[in-house]
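Chains as they are written, first to last, in my numbering: chain X, 12 to 348; chain Y, 12 to 348.
Think of the hints as simulated: they come from the structure by calculation, not from any bench. Check before you lean on any hint, since a few could be wrong.
Repeated chains share a single entry, so a pair holds when one copy, or any two copies, can fit it.
Okay, derived cross-link-like pairs now, DSS-like style, lysine-lysine, Cα gap no bigger than 30 Å in a straight line [what the hints assert, rightly or not]: (1) K293 - K242; (2) K65 - K323; (3) K242 - K258; (4) K329 - K65; (5) K334 - K108; (6) K251 - K271; (7) K293 - K238; (8) K229 - K258; (9) K65 - K311; (10) K229 - K211; (11) K334 - K107; (12) K323 - K292; (13) K329 - K293; (14) K251 - K334; (15) K329 - K251; (16) K251 - K238.
None of the values given here were measured: they were computed from a predicted structure.
2 protein chains.
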Amino acid sequence: MTTNSHINPKARRPVKNVDVNHLFMQLRDGNVSALSQAITLVESHAGGDVAFAKAILQQSLPLSGNSFRLGITGVPGVGKSTFIEALGKHIIAAGKKLAVLAIDPSSNITRGSILGDKTRMEELVKSDRAFIRPSPAGTTLGGVARKTREAIILCEAAGYDFIIVETVGVGQSETAVHSMTDFFLLLKLAGAGDDLQGIKRGIMELADAVVINKADGKNTTAAKHAKREFKNALHLLPPKSHGWETKVHTCSGLNDIGVKEILIEIENYTSYAIANDSFSKKRNAQELYWFHQTVEDTLKTNFYNRPEVIAKLAFLEKEVLSKIKSPFDAARELLGL
Amino acid sequence: MTTNSHINPKARRPVKNVDVNHLFMQLRDGNVSALSQAITLVESHAGGDVAFAKAILQQSLPLSGNSFRLGITGVPGVGKSTFIEALGKHIIAAGKKLAVLAIDPSSNITRGSILGDKTRMEELVKSDRAFIRPSPAGTTLGGVARKTREAIILCEAAGYDFIIVETVGVGQSETAVHSMTDFFLLLKLAGAGDDLQGIKRGIMELADAVVINKADGKNTTAAKHAKREFKNALHLLPPKSHGWETKVHTCSGLNDIGVKEILIEIENYTSYAIANDSFSKKRNAQELYWFHQTVEDTLKTNFYNRPEVIAKLAFLEKEVLSKIKSPFDAARELLGL
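The following block holds chain X by itself, in its conformation from the complex (with noise of 0.2 Å):
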């Protein structure tokens, strides 16, 4: 099918056409609500949305690329909105354009979809210079992330030029966050059980920045303490294969102190890794990883939604676990070999 009426005049829908070559140059243009409009396709399932999604992210993907990727993590209560709220003015203050994306596979199920409370972004929300989009709904975090990584397709094409993308770290979404952007914050707060102690599994290897937010008041000693501890953690890991160390920072996002210094941080890196051509290296990496990473998903989910592999798969798994078949066998048996 086309969906540009320009081309093929002769394809018409009756309702809920939509003119994808208008559509894109308002958004190149960097109107808002066609902006909204066109993540509202990629987001969608409907048969006809797919297409158009397909066609305006066609049109937009040699636009993109021009913005900086920001990656944030922190659990809930960490103090993420507000920390994105004081860091994003610092952003647009410094003449850029920001999207704020999040990723959160469980907004499905909770409906409580990160950054849906925007009223702690007040500042932001009202600014022009400034988009905010909670995360897409989806059962999967491979559909999910899909969907993130096109808006920020879209949002570069229309213009903006800082993206942070948030997540709460469910699952496996940090690693996700980290394979579409260009640096990883990974906010954190002293004591109450989020120190070194309750930190997921690998996430800390991950990080480019350990960031201590609600350093204040009585929280201002307990912070310093947290930022020794880290220090000395991040010490024992090994180094990044693209030599940047990583630091780790206190701020206080409610009451604007710190924040600035670490736009400048990110600023250092950028600077850094585009001097020793790390930049361009980890954005194509993360483009064939996705490419990849999509084909063997694709290839998984497929084969286990197979009639014949489902009605197979848990009899497999019993016999190999009462060791009348090895796994390897067991294996062969569910690919049919």
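With chain X fixed as given, assemble chain Y onto it according to the hints.
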């Protein structure tokens, strides 16, 4: 085809026929050359051998599982052979039968397969309670891992009740060894670049014990210092799901100092894991891991080896990197969707 001449006397092969029933009975009685021959069948790629291997594994499988499986990793030069010789003597002295296997995916390239140099295990080699087998050759870790895992089954059926699987840690081989053993021991040196800073990402989180070897002579102080450093680092890692706290030991494999204590530590772990039921849970999870891993690896390999996929892959990767196609569209195209 049948591999059992007692069941089907018409199935005759003029040369290299294997009487699987006879071989299995010898193996079950602990005959070392029968065990060696069975492992050779498992390692073979020849068409007939594959069927014999399958038949003997099938008979051995119900007798397997009654051993303790210990994984050991450490870089070359850390003193693995000397350590295994010292530990092995204590294992034998405790009345056990010991099998030592190896995973080294690089062995077919370097021809310097680990355990190839048995001179450092001269007492184990001489003992009739120990069986030592070098790493099978192979081009993929998956293949080498499968062969080693099947060798474990054969050793267990032959009455070996303590299995050591060692690796030099090439590629993902630590993960493979971790996934086929009950306890994973990380062997380290103090200083000499093999301290915390030189550790591979994620390996420390796999370890159930860290052992600093060569803690003798002028190394003693450095080893104590390294022990403290590792203890601090482990303290910063999140606790394991089964609740066991990874401890750090120093030892001298050469002088047999501190080695028996490590065996006691392993026995403590076993009692602990059996008591809280995590021992069998971990084994079951490992069986299912190998089942699913084999299914998924085979799906991937078969897909990427298809001529039309090979023909398209590089071209689509180039299109992704030059933003002509999104990674998701390119994936769909490669999948023919």
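Cross-check of the supplied hints:
1. Taking the shortest Cα distances, K293 and K242 sit within 30 Å of each other inside one copy (25 Å), while across copies they are farther apart (34 Å).
2. Taking the shortest Cα distances, K65 and K323 sit within 30 Å of each other only across copies (21 Å), while inside one copy they are farther apart (36 Å).
3. Proximity of K242 to K258 under the C-alpha cut-off of 30 Å is found in both arrangements, the shortest distances being 7 Å within a copy and 22 Å between copies.
4. For a Cα distance limit of 30 Å, the shortest separation of K329 from K65 across copies, 19 Å, qualifies, whereas the shortest one inside one copy, 43 Å, does not.
5. Taking identical chains as interchangeable, the C-alpha atoms of K334 and K108 lie at most 30 Å apart only when they sit on different chains, with a minimum of 22 Å there against 60 Å within one chain.
6. In the homo-oligomer, the alpha carbons of K251 and K271 lie at most 30 Å apart inside one protomer (25 Å), although the nearest pairing across protomers, at 37 Å, exceeds that limit.
7. With identical chains, the CA atoms of K293 and K238 are at most 30 Å apart within one copy only, with a shortest distance of 28 Å there and 36 Å across copies.
8. Taking the shortest Cα distances, K229 and K258 sit within 30 Å of each other inside one copy (23 Å), while across copies they are farther apart (36 Å).
9. Taking the closest pair of Cα atoms, K65 and K311 come within 30 Å of each other both inside a single copy (23 Å) and across two copies (26 Å).
10. When the C-alpha separation of K229 and K211 is checked against a cutoff of 30 Å, the pair qualifies only within one copy, where the shortest distance is 26 Å, while the shortest distance between copies is 39 Å.
11. Taking the shortest Cα distances, K334 and K107 sit within 30 Å of each other only across copies (24 Å), while inside one copy they are farther apart (61 Å).
12. In this assembly of identical chains, the alpha carbons of K323 and K292 lie at most 30 Å apart only when taken from different copies (23 Å versus 43 Å within one copy).
13. Taking the closest pair of Cα atoms, K329 and K293 come within 30 Å of each other only across two copies (16 Å); inside a single copy the shortest separation is 43 Å, beyond that limit.
14. With identical chains, the CA atoms of K251 and K334 are at most 30 Å apart between copies only, with a shortest distance of 27 Å across copies and 42 Å within one.
15. In the homo-oligomer, the alpha carbons of K329 and K251 lie at most 30 Å apart only across protomers (27 Å), although the nearest pairing inside one protomer, at 42 Å, exceeds that limit.
16. When the C-alpha separation of K251 and K238 is checked against a cutoff of 30 Å, the pair qualifies both within a copy, at 20 Å, and between copies, at 24 Å.
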